[in-house]
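Asker: This is what each chain is made of:
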Amino acid sequence: MMTSPLPLIETQHLVKRYGDKLAVDDVSFSVYGGEIFGFLGPNGAGKTTTIKMIVGLLQPTSGIAKVGGYDVQKQPMQAKSINGYVPDESNLYPKLTGRELLRFVGDLYGLSRQQTERRAEELLRLFDLTQAGDDTIDSYSHGMQQKTALAAALVHDPKALVLDEPTVGLDPKSARLIKDILRQMSERGAAIFLSTHILEIAERMCDRIGIINQGRLIAVGSMEELRRGSSAAAGAEISLEDIFLSLTGGAEYAEIAEVLK
Amino acid sequence: MNAAQELPVTVLGQQSLWEVVWKLMHLRLVILVSGFRRAKLRNKIMMIILWLLLLGFLGFIFFLSFLALHFLNSPELTLYIGDVSPWLEVVPALIFSGAFLGLLLTSFGVLLQALYLAGDMEFLLAAPIPIRAVFTAKLLQAILPNFGLVCLFALPVLYGLGASNRYNFLYYPLVLILLTALALAATGISSLLVMVVVRIFPARRVAEVLGFLGAILSFLCSQTGQLANINHFSPNQASQALGLVKMVNTSWSPLAWAGRGLVNVGKGNWLEGGGLVLVTVILASLVFGAALVTSERLFYSGWASLQNKSRKKKAPRTAQTRAQTYIIPVAERRTPGTIRAIMMKDWLVLRRDLRNMSQLVTPLILGVVYAFMLLRNGGGRADGLGDAPAWMAGMLKNLSLYFSVGLALFVGWMLLGRLAGMGFSQEGKNYWLLKSAPVSIGRLVAAKYLVAYLPTALLSGVFLLATWMIQRAPISTLLYSLPVIGLCIAGNAGINLTFGITGANLAWEDPRQMQKSASGCLGALASFIYLPVSLLLFFGPPVAAMAFELPEIIGQMVGLVLGGVFSLACAVVPLWLVSGRVARLGEK
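Chain order of the listed sequences is H and G. Residue numbers 7 to 267, in this note's numbering, belong to the letters of the first sequence in order. Residue numbers 2 to 589, in this note's numbering, belong to the letters of the second sequence in order.
Take these hints with a grain of salt, some might be off.
Straight line, CA to CA, 30 Å or less: simulated BS3-like cross-link-like pairs of lysine-lysine [said to hold, decoys possible]: (1) G:K430 - H:K27; (2) G:K24 - G:K41; (3) H:K101 - G:K430; (4) G:K268 - G:K247; (5) G:K41 - G:K430; (6) H:K165 - H:K185; (7) H:K80 - G:K430; (8) H:K179 - H:K101; (9) H:K27 - H:K80; (10) H:K185 - H:K101; (11) G:K430 - H:K179; (12) H:K185 - G:K430; (13) G:K24 - G:K45; (14) H:K165 - H:K80; (15) H:K165 - H:K179; (16) G:K430 - H:K165; (17) G:K41 - H:K27.
Don't read these hints as lab results, they were simulated from the structure.
Chain H on its own, in the form it takes in the complex (with noise of 0.2 Å):
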């Protein structure tokens, strides 16, 4: 793995009041280019608020979003054109066609015409939608929308690329497509920020994890730096499961557990 030594992703301070309600509070972390980071956190953590910082979707109410050094909102252009951004829920023009989406996008992000069609090209052989891709997003599946809201984040090469819930709702191989991809992007130095919910993901693809409770960063560091730090239980076999429900609280579970018998 090539891990640069510059933070291509990084929040300082990150702050997001709604009225009364603290959604992100001073959330701090970077990530660095070549490196996979896991973003976790129960519903309602303010995972997703915090990737909306981060790619210029929402402002943050005080600190930092930067990705590849440039301050999201002094420098909004040149922070999304190195970024890409994959939604939690892939809403794509449902008239366009996916070939004329990732055109759109090209252009979007400043592509030649040239350098858009190879692309688009490229992607949609990729990601197995080259038979789709003249019919509108509107009859695709959930995982072909999922698939084409991909190939859209990736049509400008990004060298910083986001990620919210990127494998909810496909089938395993276009899983593991994604899972691959991700991989061959940080391995030619692209710095991946991934938030999910799939812990066994967390566990096996990120270089680093942060997670998230009630809109503060309680964790951040590798696995084993995250097992070290934990105080669920004691042993090298502890599990991402055990120290995300010991450090974000797992009684409910228990209690739901109960319920169910």
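We have chain H already, so just place chain G on it with the hints.
Answerer: Coordinates of chain G only, in the frame set by chain H:
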């Protein structure tokens, strides 16, 4: 556990078909009542007022029908125009036919929504309740709103007819029974039609097409008054129209049986009337029952859910067809790539989404209707009486083309309201793609501006050119009017886009919720004020120049400067004021 064994299941009370139907219908009632209870006080008051108005309307139609039919039956009138009772006896058949056709068509949309788009069918079919109950409830739900509307118009007229003709008391309940039976039959047939259509086309696409056709038809209907030449309605045409009415009352039509049966019962011809009513009710019930069973089977077997894939698959786009998609005018090629990309994307999406098309086609129809009217009236030339001074005759002639400019702007104004007013809102949940891309606010606003401006300017320009050709006005007037149109629309586009930004709603599910109503109204109001002011600035000086017998060209130059500065200021300043908001769109 081997295969022969069964899990011990406690069925919590065997529920009958009608019990479940009632539960499902009751659920709708609960949702309706809950919606009313949770509504704001203002909305509650509005709803109550609306209901009272509806009741008043019902009473008014009854009273009006009673008086009109009483008058038509009066012996004094019979002396002049002869006996009209044979015509009046056709009224029930006419109303039943209209109601049946109306319900058949309107139920189609409601059933499409209820069976395919509501998304609760799978949930309901998976529940331990009879499938027939689900379908019965769905069909009844589809009937009720449209049946209510039909009753609103049909009942007062039919009761008015009964009262004015002093029909037998049995006539009144039979009206309701026959209307209900025919409504059931119409909805049953409609449910089968929905399934056949959805077998061929995707349900969402059908809904889009329906919305499009509905909007166009209602607009066309609203304009028929303009197109129809009522002043020249001849007695011959009147008798042809009456002949058409009589055709409804043919002996083979079950809808006519209902009408005839009802009239006969009203008159006391029990055997003939009762027989016809009974046959109609039995036939309608059979149609409803057969349709219910068939639709239930078609749905459950998967026939109605599985789209027929045998239709011709779209050929993949060749290099040539791809190139055609990207054939764009030279003017657009000169725009930066991101602006061009957004423009192309917006026009492509607008063209493909029929929900947008219905809003866009409206101004075109309006343009055609008014152009037709101008043509019919001989081009609207103001020739005067012959004794007016030459300058006055010339001024009137030019004024008529200046009036066409106003008309062209009005046509464009309607298009702008949609294209600019909803330019940002139409992005909806897809806005993240634009926002996360490296597109500056300036370029984004410029792209949205051009998306609205170019087609509107083109449409208004073509409209003006057409009316100029019809009116045969001087070329100098056209040469002046064309830049006026361009500048006027520029300002109007700026105003509409500004209000589109301030009232942008990106969280819509239904396109009708695209723009917040307050902002939409303010935008329409602002542009409505803008248009006469700018027209006054553009056309005031040339008209004044003509009035003072100065060269028209001087007045036109002054008008162009005054109006141009005003229009360009309106195009730029409001947008500049709200550009900060664009950066924060979609962050709530």
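Asker: A separate judgement is required for each hint: does it hold in the structure or not?
Answerer: Hints, one by one, checked against the model:
no., hint, in the structure
1, G:K430 - H:K27, "holds, 24 Å"
2, G:K24 - G:K41, "holds, 28 Å"
3, H:K101 - G:K430, "holds, 13 Å"
4, G:K268 - G:K247, "holds, 20 Å"
5, G:K41 - G:K430, "holds, 27 Å"
6, H:K165 - H:K185, "holds, 17 Å"
7, H:K80 - G:K430, "holds, 25 Å"
8, H:K179 - H:K101, "holds, 27 Å"
9, H:K27 - H:K80, "holds, 25 Å"
10, H:K185 - H:K101, "holds, 29 Å"
11, G:K430 - H:K179, "holds, 28 Å"
12, H:K185 - G:K430, "holds, 27 Å"
13, G:K24 - G:K45, "holds, 26 Å"
14, H:K165 - H:K80, "holds, 19 Å"
15, H:K165 - H:K179, "holds, 25 Å"
16, G:K430 - H:K165, "holds, 25 Å"
17, G:K41 - H:K27, "holds, 26 Å"
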